[in-house]
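Novice: Start from chain A and add chain B according to the hints.
Protein chains: 2
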Amino acid sequence: MRETDLVDKIRRLAGRSPLVRGIGDDCAILWPRANEDLVFTSDFALEGRHFTLKTHTAADIGHLALARSLSDIAAMGAEPVFCLVSLAMPPNFAVQRFFKALDGEIGQHKVTLAGGDLARFDKVLVDVICCGRVPRGKAMLRSAAKIGDRIYVTGKLGKPAHRPNPRIAAGLVLRRLGVVAAMDLSDGLSLDLARLCRESKVGAELASIPIARGASLDQALNRGEDYELLFTAPPKLKIPPSLASAIGVITRSKNIRLDGRPLASKGFDHFA
Amino acid sequence: MRETDLVDKIRRLAGRSPLVRGIGDDCAILWPRANEDLVFTSDFALEGRHFTLKTHTAADIGHLALARSLSDIAAMGAEPVFCLVSLAMPPNFAVQRFFKALDGEIGQHKVTLAGGDLARFDKVLVDVICCGRVPRGKAMLRSAAKIGDRIYVTGKLGKPAHRPNPRIAAGLVLRRLGVVAAMDLSDGLSLDLARLCRESKVGAELASIPIARGASLDQALNRGEDYELLFTAPPKLKIPPSLASAIGVITRSKNIRLDGRPLASKGFDHFA
Numbered sequence: 006m007r008e009t010d011l012v013d014k015i016r017r018l019a020g021r022s023p024l025v026r027g028i029g030d031d032c033a034i035l036w037p038r039a040n041e042d043l044v045f046t047s048d049f050a051l052e053g054r055h056f057t058l059k060t061h062t063a064a065d066i067g068h069l070a071l072a073r074s075l076s077d078i079a080a081m082g083a084e085p086v087f088c089l090v091s092l093a094m095p096p097n098f099a100v101q102r103f104f105k106a107l108d109g110e111i112g113q114h115k116v117t118l119a120g121g122d123l124a125r126f127d128k129v130l131v132d133v134i135c136c137g138r139v140p141r142g143k144a145m146l147r148s149a150a151k152i153g154d155r156i157y158v159t160g161k162l163g164k165p166a167h168r169p170n171p172r173i174a175a176g177l178v179l180r181r182l183g184v185v186a187a188m189d190l191s192d193g194l195s196l197d198l199a200r201l202c203r204e205s206k207v208g209a210e211l212a213s214i215p216i217a218r219g220a221s222l223d224q225a226l227n228r229g230e231d232y233e234l235l236f237t238a239p240p241k242l243k244i245p246p247s248l249a250s251a252i253g254v255i256t257r258s259k260n261i262r263l264d265g266r267p268l269a270s271k272g273f274d275h276f277a
Numbered sequence: 006m007r008e009t010d011l012v013d014k015i016r017r018l019a020g021r022s023p024l025v026r027g028i029g030d031d032c033a034i035l036w037p038r039a040n041e042d043l044v045f046t047s048d049f050a051l052e053g054r055h056f057t058l059k060t061h062t063a064a065d066i067g068h069l070a071l072a073r074s075l076s077d078i079a080a081m082g083a084e085p086v087f088c089l090v091s092l093a094m095p096p097n098f099a100v101q102r103f104f105k106a107l108d109g110e111i112g113q114h115k116v117t118l119a120g121g122d123l124a125r126f127d128k129v130l131v132d133v134i135c136c137g138r139v140p141r142g143k144a145m146l147r148s149a150a151k152i153g154d155r156i157y158v159t160g161k162l163g164k165p166a167h168r169p170n171p172r173i174a175a176g177l178v179l180r181r182l183g184v185v186a187a188m189d190l191s192d193g194l195s196l197d198l199a200r201l202c203r204e205s206k207v208g209a210e211l212a213s214i215p216i217a218r219g220a221s222l223d224q225a226l227n228r229g230e231d232y233e234l235l236f237t238a239p240p241k242l243k244i245p246p247s248l249a250s251a252i253g254v255i256t257r258s259k260n261i262r263l264d265g266r267p268l269a270s271k272g273f274d275h276f277a
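Protein sequences appear in the order of chains A and B.
Note that the working numbering has the first sequence beginning at 6, numbered continuously upward.
Note that the working numbering has the second sequence beginning at 6, numbered continuously upward.
Okay, chain A solo, but in the shape it has when bound (with noise of 0.2 Å):
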């Protein structure tokens, strides 16, 4: 198949947006609306990396990779808009059904496929660019995090899902509600809650843990693609049961510990 070929397939399934001029040009065109503010993450889904071709097939792989930007999105209490999806594939990869994949889950969040770039490689590269909206000054920011709040998870944690599912709705509910720190698990509880505490010059206290069927408290803490939000509210937010669980509390002492003991960053670093 010829690029333009491949092109002209993908712009098929990129439909038509209110908000976004798409592929086709050198750039899309966003047409921002009044009093929001955009956010923008990218993140590598890399063969080898993040996963390989015994593990997942092409389809797994549209969903791992737009599931990672959209988790980002999640966390800012963002509602998605549009993503550009860079893609470096051997000649033999099942490019469709990558982009049939990515479709379904563009299409059960709403995104708009606006771009992106294709290349020949040996190895499956994708990288793909996520914008959301949030109303101006509402996004929410690691660094938001004070003294005295609660401490908070969605869903349980220990078990990485094959196909992800990022928490967009929950983090529109948790924005509404006036939660105004927040993250996504993608490095295990123990080095992203150490990364929250650092941005916001705070510490934690941990006491309960909530842990998938299946996994120890060890995974929990350390293992990583959760793709959970971590969150914290003053005790006068009220934060349902039924989305999120209450871990522990933001210290003025800049340690991490659970159950009093200090907690060690254990997380996937990617560089470690």
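If you're looking for bench data, these hints aren't it; they were derived computationally from the structure.
Be a bit skeptical, because a hint or two may be false.
Said to hold, decoys possible - If you want the footprint, here are the derived chain B segments under chain A, 3+ residues with CB under 8 Å:
no.	region
1	33 to 44
2	47 to 54
3	89 to 97
4	139 to 152
5	168 to 181
6	234 to 244
Quick reminder that beta carbons are idealized off the backbone N, C-alpha and C, glycines included.
Specialist: This is chain B only, laid out in the frame that chain A set:
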């Protein structure tokens, strides 16, 4: 070096922008201005496809990767706003030289480095996403060429620069002059002109091609990597000869011809 240490170094390079809140959260945040459109592009620069470690230093790669995306921003007549840089690399890659070169070019074009992704990989892979801004409805498009328009290119073709210089300034001048149809030349004039004609549903008759010193006509037509601007304008719009060379005219017939003979699209198809 741990990932957090590298992120800190990159964050210090990134500086501050009145428009963008950047590195250290799940997403970059942009405050759009009223009455402007935003344009987005992403471009791979992959080891073995777009460069090799024999021909390009880490600094060259940083320069090239950003230039490829900025060239797309230039083609829209847009002003660059921010970029996200996703970089995968082996442990021995001179990552600080890469970001220093990127930073030099970022400063020159007043772009903010707003985030991206980092990963380990056995080859060097870069995906640069650029956002630009343009007054509402004024982006130059591939689809806006009209029958009777004159066709122009900036610069001379066929001899790629080792460090290409994206035509941001020329793009802004052209858009302000009233040019509405443009694209950048990355895959060779013969293929890129065919793409512009296809999007605009027109053809072209070429008469004279500005050939770089030391290059052949074949290279000027088909070699690619020129990163010049290809654009069209009605005859009444005066284009200063210092800015661009007239090379032909847009025709109703959808063929592309040079000196009366059909011109094959032999530029760089990424999949052929």
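Novice: All hints are to be evaluated individually against the structure, with a verdict given for each.
Specialist: Hints, verified against the model:
1. 33 to 44: Answer holds; 10 residues pass the 8 Å Cβ test.
2. 47 to 54: Satisfied; 6 residues make the cut.
3. 89 to 97: holds (count 3)
4. 139 to 152: holds (count 5)
5. 168 to 181: violated (count 0)
6. 234 to 244: With 0 residues in contact (Cβ-Cβ under 8 Å with chain A), the coverage given for the region 234 to 244 of chain B is violated.
Hints 5, 6 from the list above are not met by this structure, while the remaining hints are.
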